[in-house]
Amino acid sequence: MIKSTNKKNRTGKGKKLFTIGETAKSVLGELNNPVDATNRFINLALNSVGEDSQSRQFLLESKQGMRRISALLKRLNSYADKMEREITKISRFDTDDS
Amino acid sequence: MNRPQILILNKDILTQKSLYELLSRSNYKVEAADTFKKAIEFLKNGNFKAVLADIDKAPGLELLKFIKENSYNTAVIMLSSYGKADSAANAITLGAFDYLIKPIEDQKILSVIRAAIDKMDSLSAAAISSKKGISSKALACGLVGNSAPITEIYSLIDRVSTSKATILLRGESGTGKRMIARAIHKSDKKRKDKPFIEVSCGALPKEIIESELFGHTKGSFTGALADRKGRFELADGGTILLDDIDSFSLDLQTKLLRVLQQKEFERVGDHNTMKVDVRVIATTNQNLEKAIADGRFRQDLYYRLNVISITIPPLRERKEDLPALIKHFIAVYSKENYKKIKNITDEAYRILTSYDWPGNVRELENIIERAVILDTDLVIDKDDLPEVLLSGSSNVVEKPVTLNTGSVSTLKEALKNPERIFIEKILEEVGGNKKKAAIKLGVNRTTLYNKLRQHNLLSYISSKK
Numbered sequence: 370m371i372k373s374t375n376k377k378n379r380t381g382k383g384k385k386l387f388t389i390g391e392t393a394k395s396v397l398g399e400l401n402n403p404v405d406a407t408n409r410f411i412n413l414a415l416n417s418v419g420e421d422s423q424s425r426q427f428l429l430e431s432k433q434g435m436r437r438i439s440a441l442l443k444r445l446n447s448y449a450d451k452m453e454r455e456i457t458k459i460s461r462f463d464t465d466d467s
Numbered sequence: 031m032n033r034p035q036i037l038i039l040n041k042d043i044l045t046q047k048s049l050y051e052l053l054s055r056s057n058y059k060v061e062a063a064d065t066f067k068k069a070i071e072f073l074k075n076g077n078f079k080a081v082l083a084d085i086d087k088a089p090g091l092e093l094l095k096f097i098k099e100n101s102y103n104t105a106v107i108m109l110s111s112y113g114k115a116d117s118a119a120n121a122i123t124l125g126a127f128d129y130l131i132k133p134i135e136d137q138k139i140l141s142v143i144r145a146a147i148d149k150m151d152s153l154s155a156a157a158i159s160s161k162k163g164i165s166s167k168a169l170a171c172g173l174v175g176n177s178a179p180i181t182e183i184y185s186l187i188d189r190v191s192t193s194k195a196t197i198l199l200r201g202e203s204g205t206g207k208r209m210i211a212r213a214i215h216k217s218d219k220k221r222k223d224k225p226f227i228e229v230s231c232g233a234l235p236k237e238i239i240e241s242e243l244f245g246h247t248k249g250s251f252t253g254a255l256a257d258r259k260g261r262f263e264l265a266d267g268g269t270i271l272l273d274d275i276d277s278f279s280l281d282l283q284t285k286l287l288r289v290l291q292q293k294e295f296e297r298v299g300d301h302n303t304m305k306v307d308v309r310v311i312a313t314t315n316q317n318l319e320k321a322i323a324d325g326r327f328r329q330d331l332y333y334r335l336n337v338i339s340i341t342i343p344p345l346r347e348r349k350e351d352l353p354a355l356i357k358h359f360i361a362v363y364s365k366e367n368y369k370k371i372k373n374i375t376d377e378a379y380r381i382l383t384s385y386d387w388p389g390n391v392r393e394l395e396n397i398i399e400r401a402v403i404l405d406t407d408l409v410i411d412k413d414d415l416p417e418v419l420l421s422g423s424s425n426v427v428e429k430p431v432t433l434n435t436g437s438v439s440t441l442k443e444a445l446k447n448p449e450r451i452f453i454e455k456i457l458e459e460v461g462g463n464k465k466k467a468a469i470k471l472g473v474n475r476t477t478l479y480n481k482l483r484q485h486n487l488l489s490y491i492s493s494k495k
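Chains L and H, in that order, give the protein sequences.
If you read the first sequence in the working numbering, its first letter stands for residue 370, the second for the next number, and so on.
If you read the second sequence in the working numbering, its first letter stands for residue 31, the second for the next number, and so on.
The hints are simulated quantities; they were obtained by calculation from the structure and are not laboratory data.
Hints should not be assumed to be uniformly reliable.
Said to hold, decoys possible - Each computed SDA-like pair below joins lysine to any residue, with the alpha-carbon atoms no more than 25 Å apart:
1) L:Lys-458 with H:Glu-135
2) L:Lys-443 with H:Ser-117
3) L:Lys-451 with H:Leu-91
4) L:Lys-443 with H:Glu-135
5) H:Lys-194 with H:Gly-268
6) H:Lys-41 with L:Arg-436
7) H:Lys-41 with L:Ala-414
8) H:Lys-370 with H:Asp-411
9) H:Lys-412 with L:Lys-451
10) H:Lys-98 with H:Glu-61
11) H:Lys-222 with H:Lys-259
12) H:Lys-372 with H:Arg-326
13) L:Lys-394 with H:Lys-412
Turn these sequences into a full structure, and let the hints guide you.
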């Protein structure tokens with residue numbers, strides 16, 4: 370009885386983790402492309418504006434913002450990766466149990 | 031110079047466009063596809079050094095498999111939005127060169143592409159070498175490069191090294207004629223362990239050159255205090271390199287002709303004829319045919335020397351060899367100066383590859399040596415390069431536009447590239463000013479805009495502003 374409750378809990382937890390992992394992956398997929406491209410366009414723009422121009426300042430500020438988003442995405446990536454490893458561990462556990 | 035071709039496979043148009051802009055401005059010829067089918071079409075019609083393939087939305091893995099199955103000499107760099115160790119490992123196992131997770135720093139992507147191209151170039155050089163049976167001896171003599179003309183020279187070295195024939199090496203100053211002469215000597219099984227004697231004909235005073243070449247006996251002239259062997263005697267059994275043969279006087283040319291024809295000569299002040307077995311390699315950076323017409327060079331000597339003639343192309347005509355040469359000289363001078371130079375920045379690399387190298391390989395070698403010595407942070411950057419390179423656009427030799435007729439089928443397609451080059455040239459001249467460019471080109475502004483859009487030059491204009 371206890372064994373079956375534990376298994377049920379693990380399955381529930383596994384499903385939850387799977388959903389979180391999948392959501393994180395799709396968020397990453399949707400965000401990384403535009404963030405990657407925007408970073409590059411900012412760099413290209415920085416190469417073509419004057420050293421002391423106001424536009425350069427704005428672009429540098431934007432770059433800072435994009436860096437923060439990039440760092441956040443990297444953390445989300447490692448989180449999604451961790452989720453996936455957890456799911457693999459749980460499903461392996463369940464296979465062993467049965 | 032042929033810009034290396036890169037193919038982008040990415041469904042995300044924004045990413046595709048950003049990569050296109052970055053790579054185009056980094057001196058690559060870029061094509062972009064958003065489907066597997068389009069990518070295959072590009073691959074079949076182009077000569078791509080690297081492919082940036084997205085594996086999330088686009089079928090990057092399928093493209094990787096296709097490239098490997100069809101043995102394309104193309105490096106595949108996988109791009110993904112989601113980093114997972116096993117998919118990266120899977121891609122590398124299938125033969126991907128690298129696996130990059132977005133967002134990717136520009137410097138990172140450029141350095142990975144460069145490393146991929148270097149690897150592909152060295153693989154193809156090795157393949158060509160083994161295909162043509164080029165001995166590693168020629169390569170081991172310090173000859174660096176894998177462009178078509180240099181590969182042909184490697185092959186020639188191997189073929190001529192076993193013959194007794196006199197060889198004439200032609201090429202601009204600094205192209206590496208001496209190195210090739212040494213490689214010929216080292217590749218000659220019979221002579222490689224015998225002397226290799228170099229004579230800089232232009233550097234020797236006219237009064238002593240005869241005695242230097244043929245030797246003299248004691249008392250044959252003032253200052254001849256003892257018998258002395260000449261360079262031909264010293265080279266007996268081996269090779270003599272006569273550098274700048276065109277600087278010989280007509281009188282000396284006659285004596286040299288006798289050595290070449292009969293393999294015999296007399297020391298200065300001696301009547302005994304000496305016989306030697308020497309292979310003669312002569313070099314020149316002059317137009318000998320013109321020297322003959324001007325009466326400065328003997329025609330019969332020219333025919334004797336010109337049995338086998340090897341022309342070494344200037345560096346500006348084999349810029350594909352620049353990456354390998356840069357890498358080679360960095361390694362050589364880092365070692366010599368007890369430094370551990372790790373890298374060269376993309377900016378410095380771009381400057382080196384866009385310069386036209388009037389002083390050829392020797393100039394490149396000197397500049398790299400200087401950069402290695404001046405460098406303080408173990409990465410060669412723009413500041414380590416001399417001013418002449420930074421303002422080197424005036425040195426650029428204008429080359430005629432060459433038409434690649436291999437892959438085009440219509441007149442419109444054939445004229446596309448020259449048209450783009452001409453528009454770029456005019457835009458450069460007028461500093462990107464569209465109005466002035468339209469006047470110079472003799473078209474109205476609307477036509478110019480259409481042409482700019484057609485050739486993807488709109489971003490070029492904005493970068494000039």
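Hints and how they fare:
no. : hint                     : in the structure
1   : L:Lys-458 with H:Glu-135 : 33 Å, violated
2   : L:Lys-443 with H:Ser-117 : 17 Å, holds
3   : L:Lys-451 with H:Leu-91  : 24 Å, holds
4   : L:Lys-443 with H:Glu-135 : 13 Å, holds
5   : H:Lys-194 with H:Gly-268 : 11 Å, holds
6   : H:Lys-41 with L:Arg-436  : 24 Å, holds
7   : H:Lys-41 with L:Ala-414  : 23 Å, holds
8   : H:Lys-370 with H:Asp-411 : 15 Å, holds
9   : H:Lys-412 with L:Lys-451 : 42 Å, violated
10  : H:Lys-98 with H:Glu-61   : 20 Å, holds
11  : H:Lys-222 with H:Lys-259 : 21 Å, holds
12  : H:Lys-372 with H:Arg-326 : 50 Å, violated
13  : L:Lys-394 with H:Lys-412 : 41 Å, violated
Hints 1, 9, 12 and 13, counting from the list given before, are not met by this structure.
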